[in-house]
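S.K.: Below are the chains, spelled out letter by letter.
Number of protein chains: 4
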Amino acid sequence: MASKIKKIGVLTSGGDSPGMNAAIRSVVRTCAYLKIECVGIYRGYQGMIEGDFKTFDARSVNNIINKGGTILKSARCEEFRTKEGRKKAHDQLVKEGIDAFVVIGGNGSFTGALMFNDEYGFPVMGIPGTIDNDILGSSYTLGFDTAINTVVDAIDKIRDTASSHNRLFFVEVMGRDVGHIALNAGVGAGAEEILIPEQNLGLERLLESLKRSKASGKSSSIVIVAEGDKTGKNVFELKEYVEEHLPIYDVRVSVLGHMQRGGNPTCFDRVLASRMGVKAVESLLEGKSNQMVGIRDTKMVLTPLAEAIKAHTEIDEELIRVSDIMTT
Amino acid sequence: MASKIKKIGVLTSGGDSPGMNAAIRSVVRTCAYLKIECVGIYRGYQGMIEGDFKTFDARSVNNIINKGGTILKSARCEEFRTKEGRKKAHDQLVKEGIDAFVVIGGNGSFTGALMFNDEYGFPVMGIPGTIDNDILGSSYTLGFDTAINTVVDAIDKIRDTASSHNRLFFVEVMGRDVGHIALNAGVGAGAEEILIPEQNLGLERLLESLKRSKASGKSSSIVIVAEGDKTGKNVFELKEYVEEHLPIYDVRVSVLGHMQRGGNPTCFDRVLASRMGVKAVESLLEGKSNQMVGIRDTKMVLTPLAEAIKAHTEIDEELIRVSDIMTT
Amino acid sequence: MASKIKKIGVLTSGGDSPGMNAAIRSVVRTCAYLKIECVGIYRGYQGMIEGDFKTFDARSVNNIINKGGTILKSARCEEFRTKEGRKKAHDQLVKEGIDAFVVIGGNGSFTGALMFNDEYGFPVMGIPGTIDNDILGSSYTLGFDTAINTVVDAIDKIRDTASSHNRLFFVEVMGRDVGHIALNAGVGAGAEEILIPEQNLGLERLLESLKRSKASGKSSSIVIVAEGDKTGKNVFELKEYVEEHLPIYDVRVSVLGHMQRGGNPTCFDRVLASRMGVKAVESLLEGKSNQMVGIRDTKMVLTPLAEAIKAHTEIDEELIRVSDIMTT
Amino acid sequence: MASKIKKIGVLTSGGDSPGMNAAIRSVVRTCAYLKIECVGIYRGYQGMIEGDFKTFDARSVNNIINKGGTILKSARCEEFRTKEGRKKAHDQLVKEGIDAFVVIGGNGSFTGALMFNDEYGFPVMGIPGTIDNDILGSSYTLGFDTAINTVVDAIDKIRDTASSHNRLFFVEVMGRDVGHIALNAGVGAGAEEILIPEQNLGLERLLESLKRSKASGKSSSIVIVAEGDKTGKNVFELKEYVEEHLPIYDVRVSVLGHMQRGGNPTCFDRVLASRMGVKAVESLLEGKSNQMVGIRDTKMVLTPLAEAIKAHTEIDEELIRVSDIMTT
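Protein chains in written order, with this note's numbering: chain G, 241 to 568; chain D, 241 to 568; chain A, 241 to 568; chain C, 241 to 568.
Honestly, the hints are just simulated from the structure, not real lab data. Be careful, since some hints might not be right.
[What the hints assert, rightly or not] Derived contacts from chain D toward chain G, CB cut-off under 10 Å, selection only: (1) T310; (2) S314; (3) S449; (4) I560.
[Said to hold, decoys possible] Distance condition first, Cα-Cα at most 16 Å in a straight line; then the derived EDC-like pairs of lysine to aspartate or glutamate: (5) C:K539 with D:E558; (6) D:K458 with C:D297; (7) G:K275 with A:E290; (8) A:K539 with G:E526; (9) C:K539 with D:E557; (10) D:K539 with C:D556; (11) G:K539 with A:E318; (12) G:K458 with A:D556; (13) D:K294 with D:D358; (14) A:K539 with G:D537; (15) C:K539 with D:E554; (16) D:K451 with C:E554; (17) C:K539 with D:D297; (18) C:K539 with D:D537; (19) D:K539 with C:D297; (20) D:K275 with C:E290; (21) A:K539 with G:D556; (22) A:K275 with G:D564; (23) D:K328 with C:D297; (24) G:K539 with A:D490; (25) C:K327 with C:D297; (26) A:K451 with A:D417; (27) C:K458 with D:D297; (28) A:K454 with A:E467; (29) G:K539 with A:D537; (30) A:K539 with G:E558; (31) D:K539 with C:E290; (32) A:K539 with G:E554.
[Unchecked claim] Reference listing, derived: stretches of chain C covered by chain A, where coverage requires no fewer than 3 residues with Cβ under 8 Å from a Cβ of chain A: (33) 313–322; (34) 335–344; (35) 349–361; (36) 487–495; (37) 501–510.
Note that beta-carbon positions come from the ideal geometry of N, C-alpha and C, so glycine has one too.
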């Protein structure tokens, strides 16, 4: 490959997710393998604007493949949304001699990359790093697999105590706009009911489902609630509602919170990250830009960033059906 | 041993804790080994009152040593606090031919056992099953070791995301009256500050500590807060307070909640449970009663229940000092 | 669906794998949901021959979704390979009134099912349960995801001690005929070299790779070796060979062994099992037979059993390349 | 404290164990807290001889409390057993201005420290870091708690597959001279029989025990074998022996190996390490030397190194008895 690209920057941007370090490692090692220079850009676009750079060689990323979080740090950056911000960033990249960058993040990060490319023709490549799995163009985003395992492990623990006391638990999981974590972890944890942003089943159905569950002889019930569920009630309000309308249950609430973003990545996320990093660097060297690396079945694919950021992913209707059947 | 005891009941009572199943298994297997009959009493004292009994042999407790929760279920029981309730329970035990019982639980459960023995001269033995480690007469209660590992694992995950974003986290852990979980898990997780019910360090100290931490170059901070901490503020109020008085921090909150009660018991808790069950049954057969089995260093010891329930345990001052030094 | 099938049997056969219990649960619950009777067949085809059956309702499979192994037990069965054996099995099924069965297992189990169908026209459906991921017609087999995480967790631990002593480890993982576990877990664990049955890279390359690794400043090296690797040497012989030809290394060996088959299934395997069970039962009721349920990308698909058992899966060449690049 | 000690070295020596990093961190932070300089000595006594030193401040040990292995590396060092070797080491320490050192390791490491002190009057303090728990003067050594949990987790996985196939497993665990890991993990994992170096129960008893287990209706059996067990047979030979003399069993073998040394330390080991580091540094500043820090019940204690290295610890007879009862 006789590419004009001699030095590639890599950054993580937006909310962190497990596997980001493995993706950074992959970008850095691929550059080393292909004799391209690699520069780590700290704190996302903010660090790009401030020139917070560090040269990385293959050894700089030893022992990080199995670590959660991101050694490059991450941040949301208002300034990069402005023309002036992006100008500063471009100046810094030029000064450092960086010819292209790989951004690991979500929709917001990709939008920024697109605008940047639009203004400066600067080659950019995206890797979808978010636990929400809400990006078109990849069946799995980096961190999703780890996150659903973290949720399932937590719910397995909650079920121990729920069963011992014949209790009903409302467990809030991440997902403001999408219910992928809730749905997958809910099926994996054997939840009684799963409330997601994509559907409003109504509170009546919830009560019916809980009554049926109790009648069927189950000793406990777990209801998974995505942050952005459409009942109009959060988990605390749901608890009150059920206690009022279905007083047969001793109800408890658990909000899993930020632990869902952390943790050592699963093997799936580590492998996915390793593959995505290789694909991102090689694609840049092949002259491609404005693309996002994704996985379809077991193959790496590219999707234009413009398309990736366009719309939300659909919830898997078949899995909703499986979920319903499993609660028989 | 020529004991008059031919049939022993076993129950779990109060909040559940990891290792209760291992203790049930141990009581049952010790009875089988010593050719004593064993009866499982379901749902704590409530099941005793209702005669919710089941004969257990050695095989009844296969494959439960590594399971959280309690197969006997647990419950808090108001009725057992009344003379009438205890009368009903005694009638049921007599009817079933049970000569003695082992109760796995906390202070409330032991108080009930004592009153019962007081009225009927019925042999009772206690095993301290609670994650709070707040029972005099045992250096460790059943479930404490598992709970602190659960907390530390969760905080390790939270630290990943905290470090990636340079954030401050307030993490609420269990402990309404005692800070053992907070203090041990806080030291184990490398927390910046630990707020416990036994001490009121004041909010000033907290701000000082956080400022010093920031100045020292730490990329993130975790503050552990026991439920019953004495600042007068819960984690959400602490967040607001710090955001107002120390605006250099991006602050988040996490309430770990009920997952702390569940999970597969650690090896320590499984071994402890196995030893306690043997000691409890053998002590009953030796004619002892009104005692609690405990561990001191590596030895099993007995403590009168009357003493065990008397007072709370002391917080470990040396460990508080270690905690302070570690945050240097 | 007006199907003639009123009673479905389910069995696990061959080597066990994590997720089998979740698949059993799914088959049972789907039957209950669709008002079909369901019968558990114990110990694979052996239990079928012996009529080792038990009626299962929705509650029979409570609390098994998160358990490794198989509550139905598994076995390899010579007798089912004979015409007489299959005759006995058919008699037992007829006697019990079973109209169709779902077999969860690998190639051997599917071959048996096909022969059985061929002789008796009995409706059969397969679910690929094996940690080896070596079945055509499904991108992932049940248990593979759990197994690679088990391997990666073990190697993460081994790396701790390897790094502390600057050692080289040969780690043997399962895979007599295929290297999917070795390759995926090797990439996930950041292995230096991965030896698989599908490739013979030769011992020279191994020495070169280890020399390069040492020279590049790595503090330790892990080489993953699938059981069926083609160097002609097992891990103990590889140790000797390297000690003789590359005396710069302190070499150790670890054989991970049977723990790779066990463990609580990951969320991925639980969800996959749940989906496969639904698809298997519904396909039978739609009149289909001799098919295996699989996953392609995120969709359930059917593949004729005759095709599924025909050939081994290909190793992922792109992932081999990623593996090479990552060891830079 | 007006101590003459102004600069303290810290090293890890011998086999590594989980919690060593937490102990290093504690020594370093305690020095920083007390305004003493601290120097990390790499690769044990070998690095001391070679002057492989690095100044450590409080931030040098960020984010290591939860990591297995040792950032200081460890090694066994023949040269330090010679007078010349120790002379070189002393010269290096003097040159660096180090006034005292803390060595984290086992008996061999303590013997070296004692000889060194004997020749140069150099203040030394020991912290018992070994998974074997075989050091007099501390109820628990650093890493033991993590190791038994690693073993129990592995056996839980093996039991899944053992139960599914009604198999007998011989599982070899670490312990050449002592059976503490085998005994504790064996009880924790519900093993059928535990073979340790301290006892020779004889092969007859093993066969009897296995027969009884089979007769009692258990679906699988796990026998734990410490490396140094006294039957005169290793796990592979035991397998053959049982297959020959008790052909009712399908037997398998698993050697857990080096993964037992690694892994993130448990909360217990992290807290123990933190406490031990504080105690070691403070004791040196109080003018003490030639002591080992240990834990008795919940208190820190000192034991003369000369005593600590004298003899092996006793196996816990009561726990052996518990183990026997549990296999009923």
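S.K.: If a hint holds in the structure, say so; if it doesn't, say that too.
M.R.: Here is what the structure says about each hint:
no. : hint               : in the structure
1   : T310               : holds, 5 Å
2   : S314               : holds, 5 Å
3   : S449               : violated, 21 Å
4   : I560               : violated, 26 Å
5   : C:K539 with D:E558 : holds, 9 Å
6   : D:K458 with C:D297 : holds, 13 Å
7   : G:K275 with A:E290 : violated, 65 Å
8   : A:K539 with G:E526 : violated, 32 Å
9   : C:K539 with D:E557 : holds, 11 Å
10  : D:K539 with C:D556 : holds, 9 Å
11  : G:K539 with A:E318 : violated, 39 Å
12  : G:K458 with A:D556 : violated, 44 Å
13  : D:K294 with D:D358 : violated, 26 Å
14  : A:K539 with G:D537 : holds, 9 Å
15  : C:K539 with D:E554 : holds, 13 Å
16  : D:K451 with C:E554 : violated, 49 Å
17  : C:K539 with D:D297 : violated, 40 Å
18  : C:K539 with D:D537 : holds, 9 Å
19  : D:K539 with C:D297 : violated, 40 Å
20  : D:K275 with C:E290 : violated, 65 Å
21  : A:K539 with G:D556 : holds, 9 Å
22  : A:K275 with G:D564 : holds, 15 Å
23  : D:K328 with C:D297 : violated, 66 Å
24  : G:K539 with A:D490 : violated, 38 Å
25  : C:K327 with C:D297 : violated, 28 Å
26  : A:K451 with A:D417 : violated, 29 Å
27  : C:K458 with D:D297 : holds, 13 Å
28  : A:K454 with A:E467 : violated, 25 Å
29  : G:K539 with A:D537 : holds, 9 Å
30  : A:K539 with G:E558 : holds, 9 Å
31  : D:K539 with C:E290 : violated, 45 Å
32  : A:K539 with G:E554 : holds, 13 Å
33  : 313–322            : holds (count 3)
34  : 335–344            : violated (count 0)
35  : 349–361            : violated (count 0)
36  : 487–495            : holds (count 4)
37  : 501–510            : holds (count 3)
Going through the hint list in order, the structure does not satisfy hints 3, 4, 7, 8, 11, 12, 13, 16, 17, 19, 20, 23, 24, 25, 26, 28, 31, 34 and 35.
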